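S.K.: If you want the building blocks of each chain, they are given just below.
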Amino acid sequence: DSGVTQTPKHLITATGQRVTLRCSPRSGDLSVYWYQQSLDQGLQFLIQYYNGEERAKGNILERFSAQQFPDLHSELNLSSLELGDSALYFCASSVADNYGYTFGSGTRLTVV
Amino acid sequence: GQQLNQSPQSMFIQEGEDVSMNCTSSSIFNTWLWYKQDPGEGPVLLIALYKAGELTSNGRLTAQFGITRKDSFLNISASIPSDVGIYFCAGRGAETSYDKVIFGPGTSLSVIP
Chain B
1 DSGVTQTPKH LITATGQRVT LRCSPRSGDL SVYWYQQSLD QGLQFLIQYY NGEERAKGNI
61 LERFSAQQFP DLHSELNLSS LELGDSALYF CASSVADNYG YTFGSGTRLT VV
Chain R
1 GQQLNQSPQS MFIQEGEDVS MNCTSSSIFN TWLWYKQDPG EGPVLLIALY KAGELTSNGR
61 LTAQFGITRK DSFLNISASI PSDVGIYFCA GRGAETSYDK VIFGPGTSLS VIP
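From first to last, the protein sequence lines stand for chains B and R. Residues 1 to 112 in our numbering are what the first sequence lists, from first letter to last. Residues 1 to 113 in our numbering are what the second sequence lists, from first letter to last.
Looking at chain R on its own, in the form it has when it is part of the complex (with noise of 0.2 Å):
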């Protein structure tokens, strides 16, 4: 079945520094959802991409829907303390419009301050 794939899995960084996400599948998929997890807590939606090739922000962040449409990135610049937490990709595919979304399995951000 469609699988996504998340690298890193986990990464430590100093505070100021961007970090770089990504995401990938073999299958196509027709949104790029990126949510972000802090403990105890609920994904939190951070940027939604529903066209192949655009590119969103959000504040500090930004987010590519890769052309192929198998592939999707996350940039977070100027990272501050509070960006810790896991982040998740997610995607709906292209089968049918009722497609479930399904996740990938996070990659774990550690902010050194």
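Just chain B, same shape as in the assembly (with noise of 0.2 Å):
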């Protein structure tokens, strides 16, 4: 157990729909970084936030978003779902900007 808590594990959902994805940070850890894993892209940078704000964007569409809360949890939304937004999203959290990241495990997401 890395200590970061993705939910769900395992999203299946149809072309047009909206998701939301949670992270739980591991304690002390204020930065939350989301990542996209498809088979053709590798590990896409989508947007980090560091205790509640956006520190940093990558290459996040339009139709996703996501957010920062006080107690530090972080939720990434996905909406009008297509089917190549089928990917492993991977959430991880830092101290600091400085250090390496810890992953959670994960949410499969399937769009059909």
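The set of hints was computed from the structure by calculation and includes no laboratory data. Because the structure is a prediction, the values reported are computed rather than measured. Glycine residues also receive a C-beta, built at the ideal position from the N, C-alpha and C atoms. Mixed in with the good hints there might be a few duds.
[To be verified] Cβ-Cβ distance ranges computed for the label pairs, FRET-style:
1) D1/B / P113/R: 22 to 30 Å
2) R63/B / F12/R: 37 to 45 Å
3) G28/B / P113/R: 35 to 43 Å
4) R63/B / E17/R: 45 to 53 Å
[What the hints assert, rightly or not] Computed list of lysine to any residue pairs in SDA-like fashion (alpha-carbon distance at most 25 Å, straight line):
5) K57/B / N5/R
6) K57/B / L45/R
7) K100/R / R55/B
The task is to assemble the complex, starting from two chains supplied on their own in separate frames and drawing on the hints.
M.R.: Dropping the structure here:
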């Protein structure tokens, strides 16, 4: 157990739908990062939050949004889902920017 | 933008052999990280490197932060079956302290007993 908790582990939904992925960071970690991993794209950085504020943005689609709450848990919202959004979505956390990340075990999203 | 290249893309080795893989970029990085991912799991941090030239070990694993700050390598000695997995290098750029970490495409390691 890495200490980073992601729910749900698996999600199957239809095109056009909206889903919310949840992440609880390791105790004491202020930064939360979201990554998308698909077979042909590797690990792609989506977005980072630090202590409730957006810190850095990667290749995140406009249909996707995220937030970090006062208790430091984070949610990634994916809307108007397309088949190509099927992937593993990982959350990671760290104490500060210049430390290695601890990853959760991911949410496998399948869009049908 | 910044991009990391890993080689080899995949490797098949006999149990007990040593393994070497590397990661290169055209950009300078401040931090190099090596992760291992088992099927269905999230990547697990193996080694973190913070200074050019730094050589760090973690059991049978040794990694180095290249002097040019554009590369890093990971060595695994005396491989065992549980070393099987995908090894990712990751780097944090030198442009700002908030630079995101980017990941290489991974090296897939298979160990033949």
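S.K.: The structure should be examined with respect to each hint, and the outcome stated for every one.
M.R.: Checked hints:
no. : hint                       : in the structure
1   : D1/B / P113/R: 22 to 30 Å  : 28 Å, holds
2   : R63/B / F12/R: 37 to 45 Å  : 40 Å, holds
3   : G28/B / P113/R: 35 to 43 Å : 40 Å, holds
4   : R63/B / E17/R: 45 to 53 Å  : 46 Å, holds
5   : K57/B / N5/R               : 22 Å, holds
6   : K57/B / L45/R              : 22 Å, holds
7   : K100/R / R55/B             : 9 Å, holds
Violated hints for the displayed structure: none, as all numbered hints are satisfied.
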